[in-house]
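Number of protein chains: 2
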Amino acid sequence: MPNIPLIELEALSIKALQRAGASEGNAASTVNALLYADKQGTASHGVSRIPQYAGHMGAGRIDGRAQAKLLRQHAAVSIIDAADGLAFPACDLAIHQAMIAARAYGIGLASVTNSYHAGAAIYHLEAVAKANMVGLAFSNSPAAIAAWGGKRPLFGTNPLAAIFPRQHAHPLAIDLAMSEVARGKLMVAAKEGKAIPLGWAMDEAGEPTTDPAKGLKGSMAPTGGVKGSMLALTIELLVTALCGAHLGFEADSFFDVQGNKPRIGQLFIVIDPAAMGGMDVFHERSETLIAAMLADGGVRLPGVRRYANAAKAEKDGINVPEALLKQIRDLAA
Amino acid sequence: MPNIPLIELEALSIKALQRAGASEGNAASTVNALLYADKQGTASHGVSRIPQYAGHMGAGRIDGRAQAKLLRQHAAVSIIDAADGLAFPACDLAIHQAMIAARAYGIGLASVTNSYHAGAAIYHLEAVAKANMVGLAFSNSPAAIAAWGGKRPLFGTNPLAAIFPRQHAHPLAIDLAMSEVARGKLMVAAKEGKAIPLGWAMDEAGEPTTDPAKGLKGSMAPTGGVKGSMLALTIELLVTALCGAHLGFEADSFFDVQGNKPRIGQLFIVIDPAAMGGMDVFHERSETLIAAMLADGGVRLPGVRRYANAAKAEKDGINVPEALLKQIRDLAA
Chain A
17 MPNIPLIELE
27 ALSIKALQRA
37 GASEGNAAST
47 VNALLYADKQ
57 GTASHGVSRI
67 PQYAGHMGAG
77 RIDGRAQAKL
87 LRQHAAVSII
97 DAADGLAFPA
107 CDLAIHQAMI
117 AARAYGIGLA
127 SVTNSYHAGA
137 AIYHLEAVAK
147 ANMVGLAFSN
157 SPAAIAAWGG
167 KRPLFGTNPL
177 AAIFPRQHAH
187 PLAIDLAMSE
197 VARGKLMVAA
207 KEGKAIPLGW
217 AMDEAGEPTT
227 DPAKGLKGSM
237 APTGGVKGSM
247 LALTIELLVT
257 ALCGAHLGFE
267 ADSFFDVQGN
277 KPRIGQLFIV
287 IDPAAMGGMD
297 VFHERSETLI
307 AAMLADGGVR
317 LPGVRRYANA
327 AKAEKDGINV
337 PEALLKQIRD
347 LAA
Chain B
17 MPNIPLIELE
27 ALSIKALQRA
37 GASEGNAAST
47 VNALLYADKQ
57 GTASHGVSRI
67 PQYAGHMGAG
77 RIDGRAQAKL
87 LRQHAAVSII
97 DAADGLAFPA
107 CDLAIHQAMI
117 AARAYGIGLA
127 SVTNSYHAGA
137 AIYHLEAVAK
147 ANMVGLAFSN
157 SPAAIAAWGG
167 KRPLFGTNPL
177 AAIFPRQHAH
187 PLAIDLAMSE
197 VARGKLMVAA
207 KEGKAIPLGW
217 AMDEAGEPTT
227 DPAKGLKGSM
237 APTGGVKGSM
247 LALTIELLVT
257 ALCGAHLGFE
267 ADSFFDVQGN
277 KPRIGQLFIV
287 IDPAAMGGMD
297 VFHERSETLI
307 AAMLADGGVR
317 LPGVRRYANA
327 AKAEKDGINV
337 PEALLKQIRD
347 LAA
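If you're matching them up, the sequences are chains A and B in order. Under my numbering, the letters of the first sequence match residues 17 to 349, in that order. Under my numbering, the letters of the second sequence match residues 17 to 349, in that order.
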């Protein structure tokens with residue numbers, strides 16, 4: 017199948033979300049994030065989500081016309097209310113707030129409540145790196161990981177992203193979830209009738225399983241075992257207890273059309289190196305570490321492949337599977 | 017062997033550090049932290065470190081009389097200079113700074129440079145939880161973990177700790193390192209001539225090994241593979257690039273008496289829930305999650321066992337191995 021030019025995919029995607037109930041601004045903010053992921057080669061967080069988002073708008077789980085707003089601000093911290101809408105406009109506002117605060121106070125924090133699927137966590141931090149600041153992003157998601165020793169999924173896969181700006185290169189861009197693998201991999205295996213490797217998921221009894229269907233009814237293995245589960249717990253509390261968002265186990269699955277308003281949370285921290293040791297120290301330390309990493313053959317910097325994908329996509333467009341493109345075209349029609 | 021009463025062990029330990037070159041204040045701050053770890057059952061970060069700290073003072077790697085000082089402050093962020101001294105007095109000051117900032121601005125950050133082994137990361141956050149705030153602690157350490165795809169150890173085991181206060185119970189206290197296991201476990205196995213399980217360490221060629229001696233010359237396996245290595249990188253940059261501290265691979269091993277001044281870094285972030293959604297929301301969200309965790313049979317809250325150990329130790333004292341007690345007595349004599 018041929019690549020679709022970015023500008024065409026963008027217009028089509030915005031139209032699809034608008035027809036499904038999103039305001040123009042909310043659709044534009046969302047498509048910007050989805051295309052970023054597609055360009056970087058993270059198709060699972062790209063326009064492949066449009067049918068899902070459209071379905072949730074149709075089912076009333078999210079309100080495409082919601083207006084994200086500043087709910088509370090105190091000096092360097094703030095809470096944004098996503099108002100049961102698409103997550104991206106609210107996260108845009110949160111990042112803006114956290115960056116302004118970091119410039120003024122050296123560090124800023126903004127949390128988003130009553131939120132929804134926020135796509136690739138690293139996306140939100142691009143603006144932070146462009147402003148020469150360090151960023152951390154956290155989100156929860158519908159429950160997938162059990163507390164250590166338990167069987168019932170309680171925590172989301174809870175991604176963590178971190179960005180570190182560089183002077184003459186793309187930032188170091190780290191983005192990882194606390195599950196060993198994404199839940200989507202189980203869904204693919206289940207659809208294809210294939211077994212999954214041990215270590216990906218547990219069944220409802222908490223036992224390791226190679227059956228993807230049993231894994232989907234059970235829980236996802238946390239990365240690194242107990243440590244991944246403890247990190248998922250840490251992120252779960254950071255993104256809910258400070259702003260009042262729903263816990264992962266209170267939000268119905270994103271993979272079902274019907275369900276409750278997810279009302280999950282995100283949290284962003286921005287730090288200004290200029291307010292600390294200064295940009296010269298920051299870059300000298302970072303580049304010294306990066307040089308040592310690259311001197312060790314076989315090491316690839318986090319983000320490098322994704323930025324290379326993005327540069328290629330800017331020129332060549334994105335290869336969207338025929339069936340998905342048809343879905344988006346149908347939604348936009 | 018009989019338990020030694022806490023008050024006796026405390027006096028002896030302070031004296032040992034003073035005789036080895038520490039000022040009274042620095043010795044007291046250090047022993048407070050070491051006894052906390054011993055009481056909690058984390059003997060590896062307790063008074064067992066006294067001979068090591070004493071050795072490093074003797075060899076001039078750290079200065080026991082150093083005065084930790086505020087190097088720079090800008091609104092909510094600050095840098096503390098540990099001045100090549102013991103880490104604890106500097107971390108005490110950093111936590112104080114970060115807490116004051118969090119009260120004023122909603123969030124506070126303090127980083128420590130020119131620092132040293134900071135013991136159990138969770139220790140530093142106890143004061144944060146007592147003040148009803150949320151805390152995060154990070155440190156690097158002499159290189160142990162390779163960049164993903166590489167062979168040479170570049171990042172420390174880089175602990176991360178998080179504390180969440182509760183109203184009528186001990187805080188949730190999470191503390192974990194980014195290596196699959198502690199380096200000390202390899203040293204014990206090497207001494208006993210035993211093999212180690214695959215997955216603990218790699219040899220100098222980057223290949224998984226069951227030989228602890230080869231593992232000690234190679235690198236420690238990051239927890240969860242690539243994700244643990246990426247988290248170790250994130251922490252390495254957070255604790256060095258913002259404050260100018262040494263990278264893990266620039267600091268000689270703590271397990272050798274001779275070597276350079278380690279000059280590693282720590283970083284603490286404190287968040288005031290009262291400045292965000294408020295304490296009622298914070299406790300309601302936390303307790304809802306905790307109740308769900310405890311309803312899932314087999315789950316133990318992070319920190320519970322350690323706090324139970326501490327309560328027992330307050331009454332019964334601590335069981336210090338004979339040989340170690342003799343070392344401390346000899347140092348104090």
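Don't read these hints as lab results, they were simulated from the structure. These numbers come from a predicted model, not from an experiment. Just to be clear, a hint being listed does not mean it is correct.
Repeated chains share a single entry, so a pair holds when one copy, or any two copies, can fit it.
[Unchecked claim] Below, computed lysine to any residue pairings styled on SDA-like, alpha-carbon distance capped at 20 Å:
id, residue 1, residue 2
1, K167, G74
2, K328, S60
3, K207, R321
4, K233, G313
Hints, one by one, checked against the model:
no.: 1; hint: K167 / G74; result: neither (33 Å within a copy, 51 Å between copies)
no.: 2; hint: K328 / S60; result: within (18 Å within a copy, 50 Å between copies)
no.: 3; hint: K207 / R321; result: neither (29 Å within a copy, 43 Å between copies)
no.: 4; hint: K233 / G313; result: between (42 Å within a copy, 18 Å between copies)
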